[in-house]
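Got chain W sorted already, so can you dock chain R onto it with the hints?
One letter stands for each residue in the lines below.
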Amino acid sequence: MIPAPFSYVRATSADHALQLLASSGDDAKLLAGGQSLLPILKLRLARPEVLIDISRLTELSYIRVEGDEVAIGAATRHCDLVDSAELQRDVPLLPHVAALVGDRQIRHRGTFGGSLVHGDPAADLPAAVQALGATLVVQGPGGERRIQANEFFQSYFQTAVGEDELLTEIRVPRLPDAGWAYEKFTRRANDWAIVGVAAVDGRVALVNMGETPLRATATEQALAGGASPAEAARSAADGTAPVEDMHADQDFRRHLAQVLTERALTTVAAGRR
Amino acid sequence: MQVTTTVNGAQRSDEVEDRLLLVHYLREVCDLRATNVGCDTTSCGACTVLLDGESVKSCTVLAVQADGREVSTVEGLAGADGTMHPVQAAFRQEHGLQCGFCTPGMVMASVSLLKDNPSPTEQQVREGLEGNFCRCTGYHNIVKAVLAAAGSGAKA
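Chains as they are written, first to last, in the numbering used here: chain W, 90 to 362; chain R, 712 to 867.
Just so you know, the hints here were simulated from the structure itself, not pulled from any lab data.
Be careful, since some hints might not be right.
[Claimed, not checked] Partial list, derived from the structure: chain R residues whose beta carbon lies under 10 angstroms from chain W:
#1 Leu788
#2 Phe812
#3 Gly816
#4 Ser823
#5 Thr848
[To be verified] Stretches of chain R that chain W covers, calculated by requiring three or more beta carbons in the stretch to come under 8 angstroms of a beta carbon on chain W:
#6 726 to 732
#7 750 to 759
#8 772 to 783
C-beta: ideal position from N, C-alpha, C; glycine also.
One chain only, chain W, in its complex shape:
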């Protein structure tokens, strides 16, 4: 399969990428690792006229401890999250989840910011940033905006990033002492989660239980009220309307959300570090 024709331009800086976005009209797409975008282009689900390559912008590839947060450049690759000693120490949930994205080849190319902006509710990292209470930094013609992870994901493959904007940084709180867990249910190696659950620091986020990654707010409230993992997990699927597909109907997904949430919260309660 071959993508429809496009013009390829390589951005030399984040500002240059923004200029290219502004001058390319409506039919430009940013290309980072390309591990979601190129399959979409090959299937001709999208036919942008211009691809703006930001994958070589070293200014967007970094992991820096800054006070109570770790600042991560949006073009940081999954494999670099996995290998980061700073993240393993301060935000261990994140490298653990990154190691479950795709496979080694995909992790060598795919980027943290790319996965978030793609906005697939079945992806792992969007739920991880929700569970972590991350802040997403977006640059655009009007300057910088900071968006809470809760408000970032809007619908299937839709995020708060405008067409003339660029996600530049993800800021995650340092939680070196918090228990954490990620439960990913798949039928086969290499698959997207049928359902997944990320839990850390009293927050619980669900993968593939709706049109965006979701916080399990009823479960979080129960936990805050002192409920046990089993009690809190009972409300994990409250208010969700998950997709039905060949892998699972809604009832099975809701069942999985409860079971996986209980497992995750049990791990957190046992103080996994």
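What follows is chain R alone, placed relative to chain W:
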């Protein structure tokens, strides 16, 4: 766009269409046909090559993204005198293939895996090759081959 790459140690420069995929560049422009197109959807790993020493699925990389970079395919592994790379020798010794279609990608993925983890456990080999499908062998002899290449064949 004009792309300059180093493919299996030899630098070259080619004018390519912006939308050309790396795997088609290797097969049709460079005439290196060992790298196979399998699923064409980033799943099967048959098209795995090394880009700057790291395994990638060349059906999901543009040739223009390889500009200025080094690409290694299975054709570049053996020595000038034909001596096989240790991973190739181990795949032959342990019969880590049947039809051979997945083998170029499987070998390149294994080379990358062993570079990052020279002494993997069996579990680490199985997880490390999760992006490469084999529909013949059931993976048993492939895993044995990678462990043998790592010098840890006794664990298989």
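Report task. State the violated hints by number, sorted upward, taking the hints as numbered earlier in the document. Result -> 1, 2 and 5
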